[in-house]
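Student: Single-letter residue listing:
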Amino acid sequence: MPYRVVLVEGDPLMMDKLTDIIQNSPEFELVATYSRYDQALGQSAIHNPNLFLLDLENPILLENLHNFAKNFPKAKILGTISKWSEDFAYKASVAGIDGCIIKPFTPAEIFSAIELYAERGKKAPPRIISFFSPKGRAGRTTLAALMALHIARKSDESVALIDADLQFGDLPIFFDIQPEHSVVDATHDVSLLTPITFKPYFHKLSDRLYLLSSPDRPELAELVAVQDLINVIAMAGDIFRYVFVDLPTAFNPISVGVSEFSDACFVVSMINTNLEIIHMKRCLDMFEMDKHHGRKIYPVFTRVNPCNEEQREKMSLELGYDITAIFPNEYSLVSTANSGQILRHVFPKNNLMIQNVEKIAEQIMSNKM
Amino acid sequence: MKGQLGLRQSATPKTQVHHAATHALQSDGRSSVIISVFSTGSGIGKTVTAINLAASLANYGHSVCLVDLDLQFGDVVNYLRLQPNRTLFDACNDYKEDKKNFHIEDYLTPYTFETAGGNEVSFDVIAPPKTIYDAYTIEVAVVEKIIKRLKNFEFVICDLSAVFSALNIAVLDLSTVVNFMGVIDFMPSVKNFKLGYDTLIAFNYPESKIRLVENRSNSQKLISGSDVERVVGAKFYYNFPNDFPSASKSIREGKPLLAVAPDSALTRGIQSLAGMYSNRPQIEIEHVGAPSIFASVVKFVKDLLGIKSLAR
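The listed protein sequences derive, respectively, from chains P and H.
Residues are numbered in the numbering used here as their position in the first sequence, beginning at 1, plus a constant of 60.
Residues are numbered in the numbering used here as their position in the second sequence, beginning at 1, plus a constant of 116.
In short, the hints are calculated from the structure, not lab data.
Ideal placement from N, C-alpha and C gives every residue a C-beta, glycine not left out.
Only some residues are given here: those of chain P computed to face chain H with a beta carbon under 7 Å: (1) P194; (2) R197; (3) R342.
PhoX-like cross-link-like pairs, simulated, lysine-lysine; straight-line CA separation at most 25 Å: (4) P:K182 with P:K264; (5) P:K356 with P:K182; (6) H:K212 with H:K264; (7) P:K341 with H:K246; (8) H:K215 with H:K246; (9) P:K351 with P:K428; (10) P:K341 with H:K365; (11) H:K212 with H:K261; (12) H:K310 with H:K351; (13) H:K307 with P:K264; (14) H:K325 with H:K261; (15) H:K365 with P:K374; (16) P:K351 with H:K246; (17) P:K130 with P:K151; (18) P:K351 with P:K341.
Here are the in silico distance ranges between beta carbons for each label pair: (19) H:S342 with P:P260: 35 to 45 Å; (20) H:F360 with P:K374: 21 to 31 Å; (21) H:P322 with P:Q238: 29 to 39 Å.
Given the sequences, and given the hints that come with them, work out the whole structure.
Tutor: Right under this line is the structure:
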């Protein structure tokens, strides 16, 4: 069954071009074309379309985009733009349509876009979640990996892990992969990419779980400018519904810039000498100064013993901030990560570390965090 | 940070890097020994080592200044329970304002402790900025100047953070030796230790400047020190014995090992290292071997590391 297409386009020349492309493809049946948004919204239903191609460069249409999503919940809706713009892409996700595509396009590109956005998951803005730690060895990467893994397994939505710990990123070794591309390539190329051409930069780890690796040499970290990295993360949000970013330790331009851009940031510290409470307090005071960015800050501690509610409350009191979660020490994770078996490892159901990770992941999935 | 690492590889010829000590001439014409304690992973005992190295050298009668250059999350002050009046932040600001009337002595926080044997031992500390915000404003070039002003000390110990930042690279340049530490119990740690070593070598530092130091060397673990030596391609200069209880006691009581655990293996290990850095005869350390309960996975990890292919 070919797609029944409604095309809305304000530019007559572009309209001719796109009409031609669609009509010459057996996979598509052009059921109506409109130059005006209100006619398209009012009259399309009669044609029973299942694919809309909407000109987002029409400001009135852009403003009313959510009405198409509301009136045609079963149809695929792609916004067409002549040059990639994260602004349009974000507005499209807020309006609840599938995504955007550059025009003019080929029939194959339409199919790629439909497939890419279907795999992404819910038609909603991405969740960009960053993982910060004052010092290394805090369990930051482990938490990010386990949460991403759980969401990819339990939801129908796709998850990206981006290793922004540019000098000493550990995610490739966690998953025992030798990636072809890294954050360095992605930031270098991002201005020329679209979601369709960007997705192959990610290494597929398992169903719905992808990784964009850190570079394999620390000196390559210098090639990454903060704004380019933010652009990479933004575009990842067009491809993946969840984007988890593992940040470099401490406050530096990358960790500050990316955590500001994220909508939630886990601040991870490991209890070892108890000086970590002091570090966490310094971090949270710093984030508090910066709170106008609107992201939510979630302090968590790993290697806590005893790991129970009473201890969490006691530590929160000492810290002066409410601790979101505490995690116990989990030795088996060390050998699991050592052997790169984290994807295949089956944790026992009663494992407290995993239970606590899953609790948080569930709250992220239900938008409670 | 931009540009620091990449440029290094061609820009710093071997013959030019070892001039650091000549910047810090003492009144009698000798130069300070600057030892930076560095690693490419945190939580591996840099601060414990830096503090106890300073304490041991001071106990040997040397004048020592310990500079905490982990500007955001430095623990020297927390560890030793110091309440510094002035920090590196004040020193940097005042230096910029008036170099001529700048006296480094005004920014030192003195620390004194009593060894278990009853000796009073002192060294000085330069504390890190009080807030992260202050830390952010510190300029690398000014820190370099301040370290050079410490020329009256026989030993300057710099406790660094675990990253190749502009500040750390500048201090590594200034250093006489780099005490490059690793705990080799975890695959990512091995990878980062090797990456760190390769990067230091790529800076064209003479190999003798980089002293590989393994911490917790005989703890239960999957990967042996000799395997790591083969992967890294260099020998450990020193291996600290595994002595978590002593380290932990020292941190808990907020005093150097010489005060709280004078006879422990770790105390003797650090004294021995201090002795090597100050040309003293070596103390014999008894390494207590811990049985490996993970023996069955050792082979797997070695395979993963590619050790099999590296013939002895």
